[in-house]
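Asker: Sequence:
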Amino acid sequence: AVCINDALPRELILKIFSYLDIETLCTCAQVCKFWYKCAFDGSNWKRTNLFNFQRDVQPEVVEKIAQRCQGFLRELILRGCRNINDDAIRLVLFRVTELLDTSLRFTSLCRLIEMLDLSECQHLTNETCKYLGQNCPELQQLSLASCPHIGDDGLKKLSACDRLTHLDVSWCAVGDDGLAAIAQGCPGLKELKIMGCHDVTSRGVGHIASRSCGLLLLSLSHCGQNITDEAMVHLAMGCHFLRALSISLCQITDAGLRALAGTLPPSTAAEMLGINMSVPSAPLSASAHAGNGRATRTPRNRPVSETSGGGGGIGGFFANGGTAHRHSSASTSPLTAPNSPSGWEASSLQPKPLVVAGCKELRVLEASQCIQITDTGLAALARNCVNAYFKWLNSSDEVLEKLDLEYCSQVTDATLIQLATYCPRINTLVLSHCDQITDEGITRLVGGLCGPQQLQRLAMDNCPLLTDSSLEMLGSVCQNLCQVDLYDCQLITRQGIENLKQQNPRLKIQAFFAPGTPPESALGHRRRYCRCCAIL
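Heads up, the sequence shown is in our numbering, so the first residue is 955 and it goes up one at a time.
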């Protein structure tokens, strides 16, 4: 018989091994020496996921993987590996060959890594960010979520990774200074998650908005009361391509939603940003009229946002390419914006109005527990989709698709009517704990543009005014509905749910009915003593 090792070329065996998971590779490595070398060839470890072994992964294991990879490693997932610390990351990244400590003598093999997931590695500190910034120039995606010892100093070191496009620092100790460093060092940022970072304020969001004009996803959930409508104004002025936004549990009102929709008046936006737009204009000096007739700016102390390219920066906030001129020492009426992330000043010349263009390509909005949101703001946001509706007819996806309004108690049927009229691509809608929603609103929603073909998931938990009539409409109209949540809807009956199941057998219905209290007559009389005891 011919040995398979001789019949097949080594390249083909390596190709076969590349389809195996980690456990199978380790099993194959025990067959023979040849398979051992093939199993641990670096080409088979380009993408390594150790999440399933998180309790067993020690720093030495990560070091050995780095040595085996021979520079092939591109993606490494260490999520939840509790034993990983700064020293483990340092050993993986540094080339240390002259130290006496043999644990540090190995070849640096991970400088070309592109994706690294270190979330829930709670022993990591800012030192890890320092090592990454110094040794990973190709890093594009990084997750440090739930690493409580990562702070602003770490993000300042991490900003050296100028190719970073995806960053997750949720539930870390980061603030506005760290975001300012990331915004300046990582201009190509596409996705940023900072959930649960209570030190982040609207000013920090302004730093991101002024530099990261290509941002597509931003998560601000659970950042608390420091995220206000001012943050929405910054996003509406700088992040015009934003597609997904999460502002759950933030201090957002209708004004913030109007900013996202592009309908907020410039005067209101200027007031939120602390810009005084009522400064009277002054005559231009002789030097201002020289040349092309424009006032000249002095380059002294120019902020980075004015020198950066693209649509970011404070200069992009003015209409028709207008700019904020630097105030010289000879001026007497400076126009300042104290809340602006760049801290810019303008001369006494009257600037052109602010332009709150909005986020016209927004597809996903999570606004649960934003209790100040009402029908007014949501109507403005829904009408924002009407301009993109004609694009949708041409197979464009730039329309609102997912909307989470859980615990937005001021939302009524008026919002559902607006969504039915102006949002043809809504497929996921969460209305849990919106206790003013009635059957009329659900009827208008499912009979609108999105109901028959688009609506896939509808959450209606704790909506006390809904009855079986809403379920009848859902079953008869919504053809692609996949899931309905009906927890604690007091007026919805078991029979109504059964009828809905008959209309759509594939539909997943999540419902709960509290058991009724049995009448006292059904309980009967209970003995006051144990059956094995006798009364003497």
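Please note: incorrect hints may appear among the correct ones.
Derived lysine-lysine pairs resembling DSS-like cross-links, with alpha carbons at most 30 Å apart [to be verified]:
# : residue 1 : residue 2
1 : Lys1084   : Lys1144
2 : Lys1111   : Lys1084
3 : Lys1110   : Lys1000
The calculated label-pair distances, taken between Cβ atoms and stated as ranges, are [unchecked claim]:
#  : residue 1 : residue 2 : range
4  : Asn1453   : His1152   : 42 to 50 Å
5  : Ile970    : Ala1465   : 43 to 51 Å
6  : Leu962    : Lys1018   : 39 to 47 Å
7  : Glu1014   : Asn1434   : 48 to 56 Å
8  : Gln1464   : Glu1145   : 26 to 34 Å
9  : Tyr990    : Gly1025   : 27 to 35 Å
10 : Gln1464   : Gly1025   : 27 to 35 Å
11 : His1152   : Leu968    : 45 to 53 Å
Note that these hints are calculated values from the structure, not bench results. Glycine is no exception: its CB is placed at the ideal position from the N, C-alpha and C atoms.
Asker: Hint by hint, note whether the structure agrees.
Answerer: Results of checking the hints against the structure:
1. Lys1084 <-> Lys1144: holds, 22 Å
2. Lys1111 <-> Lys1084: holds, 5 Å
3. Lys1110 <-> Lys1000: holds, 28 Å
4. Asn1453 <-> His1152: 42 to 50 Å: Roughly 47 Å apart at Cβ, these two residues keep to the hinted range, so it holds.
5. Ile970 <-> Ala1465: 43 to 51 Å: holds, 48 Å
6. Leu962 <-> Lys1018: 39 to 47 Å: violated, 27 Å
7. Glu1014 <-> Asn1434: 48 to 56 Å: holds, 51 Å
8. Gln1464 <-> Glu1145: 26 to 34 Å: holds, 30 Å
9. Tyr990 <-> Gly1025: 27 to 35 Å: violated, 20 Å
10. Gln1464 <-> Gly1025: 27 to 35 Å: Distance hint for Gln1464, Gly1025 is violated at roughly 49 Å.
11. His1152 <-> Leu968: 45 to 53 Å: At roughly 49 Å between Cβ atoms, Leu968 and His1152 fall inside 45 to 53 Å, so the hint holds.
Comparing the model with each numbered hint stated earlier shows that hints 6, 9 and 10 do not hold.
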